Amino acid sequence: MIAPAPIPALTAETTRLAHALNDITAWHTPTRCTPWDAAALTAHITGALARLDPMLDAPEPPHATVTAAGYYAPDHRFAPDTNTDRIRTATEAAAAGGPALTAAFHATATRIIDRCIRERPDRRVTTRHGDPMTLADFLTTRVLEVAVHGIDLADALDRPRWTTPEAQHAVSHLLLGDHYDTALASLGLDPVAFIAKATGRDPFTAPERAQADALGVTWLALG
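Mapping of the sequence shown onto the working numbering: position 5 corresponds to residue 336, and the numbering continues sequentially without gaps.
The hints are simulated quantities; they were obtained by calculation from the structure and are not laboratory data. Certain hints may be false.
Said to hold, decoys possible - Okay, the calculated beta carbon distance ranges per label pair:
hint, residue 1, residue 2, range
1, P430, H407, 31 to 37 Å
2, A434, D406, 21 to 27 Å
3, P339, G531, 38 to 44 Å
4, A431, P361, 16 to 22 Å
5, A516, L387, 21 to 27 Å
6, R459, R490, 28 to 34 Å
As the structure is a computational prediction, the values presented were derived from the model and not from experiment. Quick reminder that beta carbons are idealized off the backbone N, C-alpha and C, glycines included.
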(Lines of atoms letter the chains of each structure in order from A; the text may use other names.)
(Lines give C-alpha, C1' and ligand atoms only; values in the text may rest on other atoms or scores of the structure.)
Protein backbone atom coordinates (compact mmCIF):
# COMPACT_ATOMS: atom_id res chain seq x y z
CA MET A 332 0.00 0.00 0.00
CA ILE A 333 1.34 3.43 -0.96
CA ALA A 334 1.72 5.92 1.88
CA PRO A 335 -1.16 8.42 1.92
CA ALA A 336 -0.24 11.79 0.41
CA PRO A 337 0.32 14.26 3.26
CA ILE A 338 -0.92 17.46 1.62
CA PRO A 339 -4.51 16.25 1.04
CA ALA A 340 -4.53 14.88 4.59
CA LEU A 341 -3.21 18.12 6.04
CA THR A 342 -5.68 20.14 3.98
CA ALA A 343 -8.61 18.05 5.18
CA GLU A 344 -7.57 18.05 8.82
CA THR A 345 -6.75 21.76 9.04
CA THR A 346 -10.03 22.62 7.31
CA ARG A 347 -11.92 20.50 9.82
CA LEU A 348 -10.08 22.05 12.76
CA ALA A 349 -10.71 25.57 11.44
CA HIS A 350 -14.44 24.84 11.44
CA ALA A 351 -14.24 23.44 14.97
CA LEU A 352 -12.38 26.52 16.22
CA ASN A 353 -15.18 28.75 14.95
CA ASP A 354 -17.52 27.14 17.49
CA ILE A 355 -15.29 27.39 20.57
CA THR A 356 -16.36 29.81 23.29
CA ALA A 357 -14.73 28.20 26.35
CA TRP A 358 -11.16 29.03 25.39
CA HIS A 359 -9.87 28.70 28.95
CA THR A 360 -10.96 25.06 29.22
CA PRO A 361 -8.00 22.98 30.48
CA THR A 362 -6.60 20.29 28.17
CA ARG A 363 -4.58 17.17 28.88
CA CYS A 364 -1.58 19.02 27.44
CA THR A 365 -0.84 20.80 30.70
CA PRO A 366 -0.41 23.65 31.38
CA TRP A 367 -2.19 24.65 28.17
CA ASP A 368 -5.85 25.51 27.94
CA ALA A 369 -7.75 25.33 24.62
CA ALA A 370 -6.38 28.72 23.57
CA ALA A 371 -2.74 27.84 24.20
CA LEU A 372 -3.10 24.44 22.56
CA THR A 373 -4.56 26.13 19.47
CA ALA A 374 -1.62 28.52 19.43
CA HIS A 375 0.75 25.56 19.67
CA ILE A 376 -0.88 23.83 16.68
CA THR A 377 -0.62 27.04 14.67
CA GLY A 378 3.04 27.36 15.59
CA ALA A 379 3.69 23.77 14.56
CA LEU A 380 2.45 24.60 11.06
CA ALA A 381 4.22 27.96 10.89
CA ARG A 382 7.58 26.25 11.36
CA LEU A 383 7.43 25.43 7.67
CA ASP A 384 7.93 29.06 6.65
CA PRO A 385 11.59 29.35 7.72
CA MET A 386 12.23 25.76 6.64
CA LEU A 387 11.07 26.49 3.09
CA ASP A 388 12.99 29.78 3.04
CA ALA A 389 16.24 28.09 4.09
CA PRO A 390 18.71 26.31 1.77
CA GLU A 391 17.73 22.78 0.85
CA PRO A 392 19.87 20.08 2.50
CA PRO A 393 21.65 17.69 0.10
CA HIS A 394 20.20 14.55 1.62
CA ALA A 395 17.25 13.48 3.78
CA THR A 396 18.31 11.18 6.61
CA VAL A 397 15.42 11.46 9.08
CA THR A 398 12.01 9.90 8.50
CA ALA A 399 8.67 11.08 9.83
CA ALA A 400 8.85 8.49 12.61
CA GLY A 401 12.50 9.33 13.28
CA TYR A 402 11.54 12.94 13.87
CA TYR A 403 9.87 11.83 17.13
CA ALA A 404 13.07 10.68 18.79
CA PRO A 405 13.40 10.93 22.60
CA ASP A 406 16.40 13.27 22.54
CA HIS A 407 17.25 16.97 22.89
CA ARG A 408 13.93 18.03 21.39
CA PHE A 409 12.28 17.10 24.69
CA ALA A 410 14.98 18.59 26.92
CA PRO A 411 13.75 20.84 29.76
CA ASP A 412 14.78 24.08 28.05
CA THR A 413 13.12 23.03 24.80
CA ASN A 414 9.90 22.14 26.64
CA THR A 415 10.00 25.41 28.56
CA ASP A 416 10.31 27.39 25.35
CA ARG A 417 7.51 25.36 23.71
CA ILE A 418 5.18 26.03 26.65
CA ARG A 419 6.07 29.71 26.91
CA THR A 420 5.65 30.45 23.21
CA ALA A 421 2.14 28.96 23.02
CA THR A 422 1.04 30.49 26.31
CA GLU A 423 2.11 33.96 25.24
CA ALA A 424 0.42 33.61 21.84
CA ALA A 425 -2.81 32.50 23.52
CA ALA A 426 -3.22 35.96 25.04
CA ALA A 427 -4.45 37.19 21.64
CA GLY A 428 -7.85 35.62 22.36
CA GLY A 429 -10.08 33.13 20.61
CA PRO A 430 -11.11 35.06 17.47
CA ALA A 431 -7.52 36.09 16.76
CA LEU A 432 -6.28 32.53 17.35
CA THR A 433 -8.91 31.15 14.98
CA ALA A 434 -7.98 33.65 12.29
CA ALA A 435 -4.27 32.99 12.76
CA PHE A 436 -4.74 29.25 12.47
CA HIS A 437 -6.79 29.54 9.28
CA ALA A 438 -4.34 32.00 7.69
CA THR A 439 -1.31 29.93 8.65
CA ALA A 440 -2.76 26.64 7.40
CA THR A 441 -3.84 28.22 4.12
CA ARG A 442 -0.46 29.84 3.54
CA ILE A 443 1.57 26.76 4.42
CA ILE A 444 -0.48 24.39 2.28
CA ASP A 445 -0.32 26.82 -0.66
CA ARG A 446 3.46 27.03 -0.33
CA CYS A 447 3.90 23.28 -0.08
CA ILE A 448 1.69 22.52 -3.07
CA ARG A 449 4.06 24.58 -5.21
CA GLU A 450 7.17 22.68 -4.08
CA ARG A 451 8.83 19.79 -5.95
CA PRO A 452 7.68 16.31 -4.90
CA ASP A 453 11.24 15.47 -3.80
CA ARG A 454 11.85 18.74 -1.92
CA ARG A 455 13.96 18.43 1.22
CA VAL A 456 13.92 20.63 4.32
CA THR A 457 15.84 20.98 7.57
CA THR A 458 13.83 21.13 10.80
CA ARG A 459 14.55 23.44 13.72
CA HIS A 460 16.13 20.43 15.42
CA GLY A 461 18.59 20.00 12.53
CA ASP A 462 16.83 17.02 10.94
CA PRO A 463 17.25 16.81 7.14
CA MET A 464 13.94 15.38 5.91
CA THR A 465 11.83 15.15 2.80
CA LEU A 466 9.08 17.73 2.81
CA ALA A 467 6.56 14.88 2.50
CA ASP A 468 7.86 13.26 5.69
CA PHE A 469 7.79 16.51 7.61
CA LEU A 470 4.27 17.22 6.39
CA THR A 471 3.28 13.81 7.72
CA THR A 472 4.45 14.94 11.16
CA ARG A 473 2.25 18.02 10.79
CA VAL A 474 -0.76 15.84 9.98
CA LEU A 475 -0.07 13.92 13.19
CA GLU A 476 0.28 17.12 15.21
CA VAL A 477 -2.99 18.59 13.96
CA ALA A 478 -4.89 15.29 14.26
CA VAL A 479 -3.66 14.29 17.71
CA HIS A 480 -4.03 17.75 19.21
CA GLY A 481 -7.44 17.90 17.56
CA ILE A 482 -8.31 14.85 19.65
CA ASP A 483 -6.98 16.71 22.71
CA LEU A 484 -9.17 19.73 21.96
CA ALA A 485 -12.28 17.66 21.23
CA ASP A 486 -11.86 15.73 24.47
CA ALA A 487 -11.29 18.87 26.52
CA LEU A 488 -14.42 20.48 25.07
CA ASP A 489 -16.46 17.29 25.48
CA ARG A 490 -17.10 16.99 21.75
CA PRO A 491 -16.96 13.97 19.43
CA ARG A 492 -13.49 13.49 17.99
CA TRP A 493 -13.50 15.06 14.53
CA THR A 494 -10.40 13.42 12.98
CA THR A 495 -10.87 13.25 9.20
CA PRO A 496 -10.55 10.00 7.22
CA GLU A 497 -7.56 11.45 5.35
CA ALA A 498 -5.69 12.15 8.57
CA GLN A 499 -6.72 8.80 10.03
CA HIS A 500 -5.12 7.02 7.09
CA ALA A 501 -1.94 9.12 7.15
CA VAL A 502 -1.33 8.70 10.88
CA SER A 503 -2.28 5.01 10.91
CA HIS A 504 0.20 4.42 8.08
CA LEU A 505 2.90 6.26 10.01
CA LEU A 506 2.32 4.12 13.10
CA LEU A 507 1.55 0.75 11.49
CA GLY A 508 3.13 0.79 8.03
CA ASP A 509 1.82 -0.28 4.65
CA HIS A 510 -0.65 -2.84 5.97
CA TYR A 511 -2.22 -0.57 8.56
CA ASP A 512 -5.72 -1.52 7.46
CA THR A 513 -5.26 -5.20 8.21
CA ALA A 514 -3.38 -4.34 11.41
CA LEU A 515 -6.28 -2.23 12.63
CA ALA A 516 -8.67 -5.05 11.84
CA SER A 517 -6.47 -7.43 13.82
CA LEU A 518 -6.51 -5.04 16.78
CA GLY A 519 -10.26 -4.59 16.52
CA LEU A 520 -9.90 -0.82 16.76
CA ASP A 521 -11.13 1.94 14.50
CA PRO A 522 -8.39 4.35 13.35
CA VAL A 523 -9.24 7.18 15.74
CA ALA A 524 -9.39 4.89 18.77
CA PHE A 525 -6.08 3.35 17.76
CA ILE A 526 -4.39 6.73 17.22
CA ALA A 527 -5.60 7.95 20.61
CA LYS A 528 -4.19 4.85 22.31
CA ALA A 529 -0.92 4.74 20.36
CA THR A 530 -0.20 8.39 21.24
CA GLY A 531 -1.04 8.03 24.93
CA ARG A 532 -4.41 9.74 24.91
CA ASP A 533 -6.25 6.59 25.94
CA PRO A 534 -4.82 3.44 27.56
CA PHE A 535 -4.40 0.16 25.75
CA THR A 536 -5.72 -2.93 27.48
CA ALA A 537 -2.96 -5.46 28.19
CA PRO A 538 -4.05 -7.73 25.28
CA GLU A 539 -4.27 -4.74 22.92
CA ARG A 540 -0.78 -3.59 23.88
CA ALA A 541 0.65 -7.06 23.35
CA GLN A 542 -1.04 -7.30 19.97
CA ALA A 543 0.17 -3.82 18.99
CA ASP A 544 3.74 -4.78 19.86
CA ALA A 545 3.39 -7.97 17.83
CA LEU A 546 2.17 -5.92 14.86
CA GLY A 547 5.26 -3.74 15.04
CA VAL A 548 3.71 -0.42 16.01
CA THR A 549 6.12 2.49 15.73
CA TRP A 550 6.07 4.14 19.14
CA LEU A 551 6.74 7.86 18.99
CA ALA A 552 8.19 10.16 21.64
CA LEU A 553 5.62 12.89 22.09
CA GLY A 554 5.76 15.93 24.34
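We went through each hint and held it up to the structure:
1. P430 with H407: 31 to 37 Å: holds (36 Å)
2. A434 with D406: 21 to 27 Å: violated (35 Å)
3. P339 with G531: 38 to 44 Å: At roughly 27 Å between Cβ atoms, G531 and P339 fall outside 38 to 44 Å, so the hint is violated.
4. A431 with P361: 16 to 22 Å: holds (20 Å)
5. A516 with L387: 21 to 27 Å: Because 38 Å falls outside the window, the suggested range is violated.
6. R459 with R490: 28 to 34 Å: holds (31 Å)
The structure shown violates the earlier hints numbered 2, 3 and 5.
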